[in-house]
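Q: Given next are the chains, with one letter for each unit.
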Amino acid sequence: MNSRQTFYSLTYVEEFKSMGRRLPYMIHTMTDETYAVNCTLEKSQEGRKDIMFLVAHFSRCYWMTGAVLGGVIGQLIPFELEGIDFCMTALFVIIFIDQWEKNKRHLPALLGLFISVLCLIIFGTDRFMLPSLLLVSGILLFTQKEEKE
Amino acid sequence: MSTAGILISILIGAVITFSLRALPFLLFHGERKMPEKLTKLGEVLPSAIMAVLIIYCLKDMPSDWTGIGLPKLIAVAVVALSYKWKHNTLISILSGTVCYMLILAL
Numbered sequence: 010m011n012s013r014q015t016f017y018s019l020t021y022v023e024e025f026k027s028m029g030r031r032l033p034y035m036i037h038t039m040t041d042e043t044y045a046v047n048c049t050l051e052k053s054q055e056g057r058k059d060i061m062f063l064v065a066h067f068s069r070c071y072w073m074t075g076a077v078l079g080g081v082i083g084q085l086i087p088f089e090l091e092g093i094d095f096c097m098t099a100l101f102v103i104i105f106i107d108q109w110e111k112n113k114r115h116l117p118a119l120l121g122l123f124i125s126v127l128c129l130i131i132f133g134t135d136r137f138m139l140p141s142l143l144l145v146s147g148i149l150l151f152t153q154k155e156e157k158e
Numbered sequence: 289m290s291t292a293g294i295l296i297s298i299l300i301g302a303v304i305t306f307s308l309r310a311l312p313f314l315l316f317h318g319e320r321k322m323p324e325k326l327t328k329l330g331e332v333l334p335s336a337i338m339a340v341l342i343i344y345c346l347k348d349m350p351s352d353w354t355g356i357g358l359p360k361l362i363a364v365a366v367v368a369l370s371y372k373w374k375h376n377t378l379i380s381i382l383s384g385t386v387c388y389m390l391i392l393a394l
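Keeping their order, the protein sequence lines are chains F and U.
Heads up, the final residue of the first sequence is numbered 158 in my numbering, and it's a clean run with no missing numbers.
Heads up, the final residue of the second sequence is numbered 394 in my numbering, and it's a clean run with no missing numbers.
The set of hints was computed from the structure by calculation and includes no laboratory data.
Glycine residues also receive a C-beta, built at the ideal position from the N, C-alpha and C atoms.
Accuracy of the hints is not assured; some may be wrong.
Per the computed footprint, the stretches of chain F lying under chain U, defined by three or more beta-carbons under 8 Å from a beta-carbon of chain U, are [claimed, not checked]:
#1 93-103
#2 117-124
#3 136-147
Here are the computed distance ranges between Cβ atoms for each label pair [unchecked claim]:
#4 F/I93 x U/P350: 18 to 24 Å
#5 U/K321 x F/T152: 21 to 27 Å
#6 F/L50 x U/K372: 18 to 24 Å
Only chain F is shown next, with the shape it has when bound in the complex:
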């Protein structure tokens, strides 16, 4: 499951490398949410690296306090907060729309949807993430090559 984060790092290799001492921390804090939020930053954004570092840091703090609080309060709250986890889905949908409006080429987005549904059917719910990412990356690499020629 966690191997998907290898793909997240791909987007930021060059950029993180120039972040010096903060590099290991950036690697350490690379999660779905951090990646998603950092993706919304504009390339030209001023102080981009500082923002990315802060995003990563706060995301990590929220994770830790959230996990601890969740464990403690979860046992105290009498009613179920069923469905609260949908906010993650909502975040991803919003960033997907953002990316869609920002990019001229929609092939990566469409491929992502199509391939992951296909892999979901073939590999099942527990094991479709890695094959999906590998396939999508492979196809994207391949189509890139053809465009150059």
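Chain F is fixed; fit chain U onto it per the hints.
A: Just chain U, lined up with the frame of chain F:
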């Protein structure tokens, strides 16, 4: 499982997770530049990864169409439409999540 067993499995998990995240950085460390192709791939990957993550969040829909599938579908529509309309992240996340929780509670 014993406490030591739990601690060891947490440690193993942490090491594997960190190495997986660090893999691209180890491969292209220092002077070694990443090949241009991979750089370009990194630029287009975000939208593809978001698509995969959305599908990941919705993967349990087919298991229960009326109980999970339909509520999620409606909630995603609420998020997408409200975002297209207002372009406000907070409003869209809140309205979508509240909508989903309400449908589940009904």
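Q: Which earlier hints can't be squared with this structure?
A: Per hint list: zero violations.
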